[in-house]
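*Asks:* Please construct the entire structure, taking both the sequences and the accompanying hints into account.
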Amino acid sequence: MGRVSPYPASGSIGRNNQMSLIFFYITVAVYIVSTVLYFGYLTTHRERLLDFGKYALIGAFSVNTITILGRWMEAGRTPAASFHESLILFAWVTVGLYFVILYKYRLSVLGAFVAPFSLMLILTASFMPKEIVPLAPVLESYWLPFHILLAFLGNASFALAFFFALMYLIQNHYLKSRKLGGTYFLLPSLEVLDEVGYRCISYGFTLLTLAMITGAIWSEYATGNYWEWKHRQIFSLIEWLLYAALLHGRLTVGWRGRKAALLSTAAFCVMICSYFIINILAGGAHGLLR
Amino acid sequence: MNLVIVGLNHKSATVEIREKLSYSDEILGDSLKALCGSYGVNECVILSTCNRVEISAVSSDIEKGVWEVKRFLAESSKIPLEELDEHLYVHKGQDAVRHLFRVAAGLDSMVVGEPQILGQVKDAYGNAVHFDTAGVVLNKLYHKTFSVAKRIRTETRIGAAAVSISFAAVELGKKIFGDITGKTVMLIGAGEMAELAARHFLNAGVREIMITNRTYERAVELSRTFNGTAIMLREFPHFLKEVDIVVASTASPKFIIKPEMVREVMRERKYAPMFFIDISVPRNIDPLVNNVDGSYVYDVDDLENVVNANLKERSKEAGEAETIIDEEIDVFYQWVKSLNVVPTIIALKNSFNDIRKSEMQKAFSMMNDDLTDKQRETIDAMTVAIIKKILHNPVQHLKREADTVDGDFYIEASRKLFDLSEELDKQKKAQNSED
Chain X
142 MGRVSPYPAS
152 GSIGRNNQMS
162 LIFFYITVAV
172 YIVSTVLYFG
182 YLTTHRERLL
192 DFGKYALIGA
202 FSVNTITILG
212 RWMEAGRTPA
222 ASFHESLILF
232 AWVTVGLYFV
242 ILYKYRLSVL
252 GAFVAPFSLM
262 LILTASFMPK
272 EIVPLAPVLE
282 SYWLPFHILL
292 AFLGNASFAL
302 AFFFALMYLI
312 QNHYLKSRKL
322 GGTYFLLPSL
332 EVLDEVGYRC
342 ISYGFTLLTL
352 AMITGAIWSE
362 YATGNYWEWK
372 HRQIFSLIEW
382 LLYAALLHGR
392 LTVGWRGRKA
402 ALLSTAAFCV
412 MICSYFIINI
422 LAGGAHGLLR
Chain H
508 MNLVIVGLNH
518 KSATVEIREK
528 LSYSDEILGD
538 SLKALCGSYG
548 VNECVILSTC
558 NRVEISAVSS
568 DIEKGVWEVK
578 RFLAESSKIP
588 LEELDEHLYV
598 HKGQDAVRHL
608 FRVAAGLDSM
618 VVGEPQILGQ
628 VKDAYGNAVH
638 FDTAGVVLNK
648 LYHKTFSVAK
658 RIRTETRIGA
668 AAVSISFAAV
678 ELGKKIFGDI
688 TGKTVMLIGA
698 GEMAELAARH
708 FLNAGVREIM
718 ITNRTYERAV
728 ELSRTFNGTA
738 IMLREFPHFL
748 KEVDIVVAST
758 ASPKFIIKPE
768 MVREVMRERK
778 YAPMFFIDIS
788 VPRNIDPLVN
798 NVDGSYVYDV
808 DDLENVVNAN
818 LKERSKEAGE
828 AETIIDEEID
838 VFYQWVKSLN
848 VVPTIIALKN
858 SFNDIRKSEM
868 QKAFSMMNDD
878 LTDKQRETID
888 AMTVAIIKKI
898 LHNPVQHLKR
908 EADTVDGDFY
918 IEASRKLFDL
928 SEELDKQKKA
938 QNSED
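Each protein sequence line maps, in turn, to chains X and H.
Just add 141 to the spot in the first sequence (first one is 1) and you have the numbering used here.
Just add 507 to the spot in the second sequence (first one is 1) and you have the numbering used here.
By construction, these hints were calculated from the structure, which means they are not laboratory data.
Just so you know, not all the hints are guaranteed correct.
What the hints assert, rightly or not - With a straight-line cut-off of 27 Å between C-alpha atoms, the simulated DSSO-like cross-links for lysine-lysine are:
#, chain 1, residue 1, chain 2, residue 2
1, X, K320, H, K765
2, H, K777, X, K400
3, H, K657, X, K317
4, H, K923, X, K317
5, H, K657, X, K245
6, X, K320, H, K933
7, X, K195, H, K681
8, X, K317, H, K765
9, H, K690, X, K400
10, H, K881, H, K896
11, X, K245, H, K690
12, H, K823, X, K400
13, H, K647, H, K923
14, X, K320, H, K690
15, H, K896, X, K317
16, X, K245, H, K681
17, H, K657, X, K320
18, H, K540, H, K933
19, H, K823, X, K195
20, X, K320, H, K819
21, H, K777, X, K317
Said to hold, decoys possible - Which bits of chain X does chain H cover? Going by a derived footprint, with three or more residues having C-beta under 8 Å, they are:
#, stretch
22, 224–231
23, 309–320
24, 366–376
25, 394–408
This structure is a prediction, so every number in the text was calculated from the model and none was measured.
The beta carbon of each residue, even a glycine, is placed where N, CA and C say it ideally should be.
*Replies:* As structure tokens, this is what we get:
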């Protein structure tokens with residue numbers, strides 16, 4: 142089970158990607174609109190702009206979904222092979238997870254961080270080669286979509302935890318300096334930011350663990366080895382250890398508040414840097430395309 | 508619509524004038540009845556609070572309405588109108604609607620955004636309903652006003668910012684702890700200010716209050732009123748680790764809470780945040796405590812700054828509230844205009860029909876027996892057709908113009924040209940008896 146690709150054999154370079162490209166550019170545009178609206182909210186404090194920003198983000202998410210589905214059909218394989226595809230998927234998962242969080246916590250202002258972050262990912266994607274590259278049939282398996290989804294959900298959780306950490310640091314700065322103004326009135330309380338940020342990290346950690354397990358199984362099917370000490374795997378391990386340390390510190394010696402926020406920020410920076418470096422240097426997810 | 512609001516408030520008149528004009532509950536009913544009776548106003552509501560007295564009234568003629576309300580105010584306050592007049596503001600038509608929306612939303616209040624005024628406006632309207640002086644226009648206007656005020660409260664944060672020092676402290680606590688219920692407060696020094704702060708925190712739902720004081724008896728006494736725990740002053744550091752919010756207000760000339768102490772406590776609390784409020788002068792809490800991770804120290808000056816920041820934020824919200832008011836005025840005026848044009852058209856048709864009927868009566872009685880039934884029917888049908896044709900264009904134009912800026916002017920002109928006031932009065936009476 143799993144060795145046989147469920148999809149038709151991958152096509153050659155130059156397969157038609159016109160449709161998904163059109164949707165891709167619409168996605169870029171709608172993310173820009175949403176980001177502008179959220180920034181407008183942060184500066185003018187007009188509640189109406191917060192609503193409009195959210196609607197625009199819902200729109201962006203929808204077009205983003207269409208782009209991914211279109212790409213999937215055009216490529217005939219899971220659309221996460223090139224860096225371009227990977228970035229689009231990352232943005233999509235992050236926004237999707239934001240809406241899930243929103244359902245539970247109603248922290249609409251979080252959108253003001255999610256929108257520009259996703260815009261940044263999507264803009265980077267627009268500078269990357271967009272052609273559809275073939276994926277060696279041996280890599281395509283049932284495990285692949287699960288592995289990818291888990292990995293991105295984990296990363297998106299860490300991204301949200303990072304936004305909460307940022308908000309914590311901003312809010313902490315206002316409260317410590319005793320000069321209230323600007324976004325102080327828009328952001329939630331320190332306790333909430335600390336708590337929800339911690340939850341995001343614990344969910345992210347679970348997802349990352351599962352992603353590493355499914356990745357190992359997938360690797361076993363594709364190459365016959367569970368673990369090969371490739372860049373991606375090494376960086377995943379570092380990431381895993383960092384967040385494990387963070388959670389451990391919180392539960393044992395009470396790393397919370399500002400310290401937790403700073404650590405979460407640092408861990409996220411390591412994660413995002415390794416993500417970019419591996420993809421740019423190695424070309425494509427995991428450098429497996431070479 | 509002939510709506511006017513005449514009145515005075517804290518900006519336009521001193522308290523000496525305002526107190527002469529207040530309408531207490533005992534005389535309110537008679538005053539309302541007098542306005543609608545002997546002063547000849549159609550509908551009226553009297554709003555009387557310590558900061559403002561104003562009357563919204565609907566009359567058949569705007570200028571007459573203004574004059575009658577002014578006369579009423581002068582006569583009931585026993586201040587000569589010449590003297591009173593300089594303190595009065597007058598809002599007419601759309602301007603009056605805007606004014607009422609702003610008042611109810613707290614935008615015209617001394618403390619912008621204060622919530623009490625909405626309740627007072629509701630009471631004022633309730634009284635008018637009770638004494639039967641609110642009619643079609645004011646009913647609709649006040650209901651709209653309440654919904655606008657509610658919308659402004661939910662869509663802007665105009666009421667959210669705290670404006671007194673104790674209240675600001677509670678709000679700060681909420682920004683640090685999120686949920687303040689279940690937190691523990693320690694009062695170090697049991698003075699009046701500390702007591703006030705404690706009351707605010709209790710109202711916000713804190714779980715426990717610990718009280719420590721130089722004279723232990725006073726601490727015990729206060730702990731009884733708040734159902735708290737009294738602690739000896741020399742022992743208070745041992746309890747600090749259980750405390751989330753500290754309110755210091757002793758007369759001690761030196762710092763009684765120092766950074767080393769807080770650092771130690773923080774470790775024991777696993778860095779759960781602490782909020783220190785220092786309302787004593789000279790200060791009791793070393794400002795360096797603020798540098799300890801997770802602890803936030805605010806002295807009296809800092810709290811004053813917080814109050815100012817809150818006020819500034821409120822004025823920003825006020826701008827947003829004004830936008831909502833603009834929108835709602837448009838909605839309201841759509842209704843007002845439709846209200847005006849329909850009765851006008853009906854009155855116009857009725858008055859023409861009345862003329863037709865009376866002239867036909869005269870003609871038929873003169874020609875008495877010379878007409879057959881068939882001929883009578885023909886003449887009747889002809890006159891009906893003539894009136895229909897004559898009125899066709901004016902009615903069409905009235906309907907069309909009602910939605911434009913000059914709508915009121917057209918309606919007013921038709922009423923004057925065809926002398927429709929009697930007809931409209933009849934309609935109003937019919938409608939009132941239906942209600």
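*Asks:* Work down the list of hints and note, for each, if the structure agrees.
*Replies:* Against the structure, the hints:
The suggested pairing of K320 (chain X) with K765 (chain H) holds, with an alpha-carbon distance near 23 Å, which does not exceed 27 Å. For the given pair, K777 (chain H) sits about 12 Å from K400 (chain X) by alpha-carbon distance, which is consistent with the 27 Å threshold. The hinted pair formed by K657 (chain H) and K317 (chain X) fails the criterion: a straight-line CA distance of about 35 Å is larger than 27 Å. As the CA atoms of K923 (chain H) and K317 (chain X) are separated by approximately 69 Å, the hinted pair breaks the 27 Å bound.
The suggested pairing of K657 (chain H) with K245 (chain X) holds, with an alpha-carbon distance near 26 Å, which does not exceed 27 Å. Between K320 (chain X) and K933 (chain H), the direct Cα distance comes to roughly 64 Å. Violation of the 27 Å bound is thereby established for this hinted pair. Of the pairs offered as hints, the one joining K195 (chain X) and K681 (chain H) holds, with about 26 Å between alpha carbons and a cut-off of 27 Å not exceeded. Our distance criterion of 27 Å between C-alpha atoms is met by K317 (chain X) and K765 (chain H), whose separation comes to about 17 Å.
Pair hint K690 (chain H) plus K400 (chain X) holds up; C-alpha atoms about 23 Å apart against a cutoff of 27 Å. With a C-alpha separation of about 23 Å, the suggested pairing of K881 (chain H) with K896 (chain H) holds against the 27 Å cut-off. Between the alpha carbons of K245 (chain X) and K690 (chain H) the distance comes to roughly 24 Å, so the proposed pair stays at or under 27 Å and holds. A hinted pair counts as satisfied when its Cα atoms are at most 27 Å apart, and K823 (chain H) with K400 (chain X) does not qualify at roughly 34 Å.
The hinted pair formed by K647 (chain H) and K923 (chain H) meets the criterion: a straight-line CA distance of about 26 Å does not exceed 27 Å. This hinted pair checks out: K320 (chain X) and K690 (chain H) have alpha carbons roughly 25 Å apart, not beyond 27 Å. Simply put, K896 (chain H) and K317 (chain X) have alpha-carbon atoms about 79 Å apart, too far for the 27 Å limit, and the pair is violated. With a C-alpha separation of about 20 Å, the suggested pairing of K245 (chain X) with K681 (chain H) holds against the 27 Å cut-off.
The hinted pair formed by K657 (chain H) and K320 (chain X) fails the criterion: a straight-line CA distance of about 31 Å is larger than 27 Å. A threshold of 27 Å between alpha carbons decides the hint, and for K540 (chain H) with K933 (chain H) the separation of about 21 Å falls inside it, so the pair holds. Taken as a hint, the K823 (chain H) and K195 (chain X) pair is honoured in the structure, with Cα atoms around 22 Å apart against an allowance of 27 Å. The hinted pair formed by K320 (chain X) and K819 (chain H) meets the criterion: a straight-line CA distance of about 12 Å does not exceed 27 Å.
For the proposed pair K777 (chain H) and K317 (chain X), the alpha carbon gap of about 19 Å is at most 27 Å, so the pair holds. Look at the stretch 224–231 of chain X against chain H: 0 of its residues bring a Cβ nearer than 8 Å to a Cβ of that chain, fewer than three, so the hint is violated. Check on the stretch 309–320 of chain X: 5 of its residues sit with their Cβ under 8 Å from a Cβ of chain H, so the three-residue criterion for coverage holds. Counting residues of the stretch 366–376 of chain X whose CB lies closer than 8 Å to any CB of chain H gives 0, so the stated coverage by that chain is violated, three being the minimum.
Residue count for the stretch 394–408 of chain X with a Cβ under 8 Å from a Cβ of chain H: 7. That meets the three needed, and the coverage hint holds.
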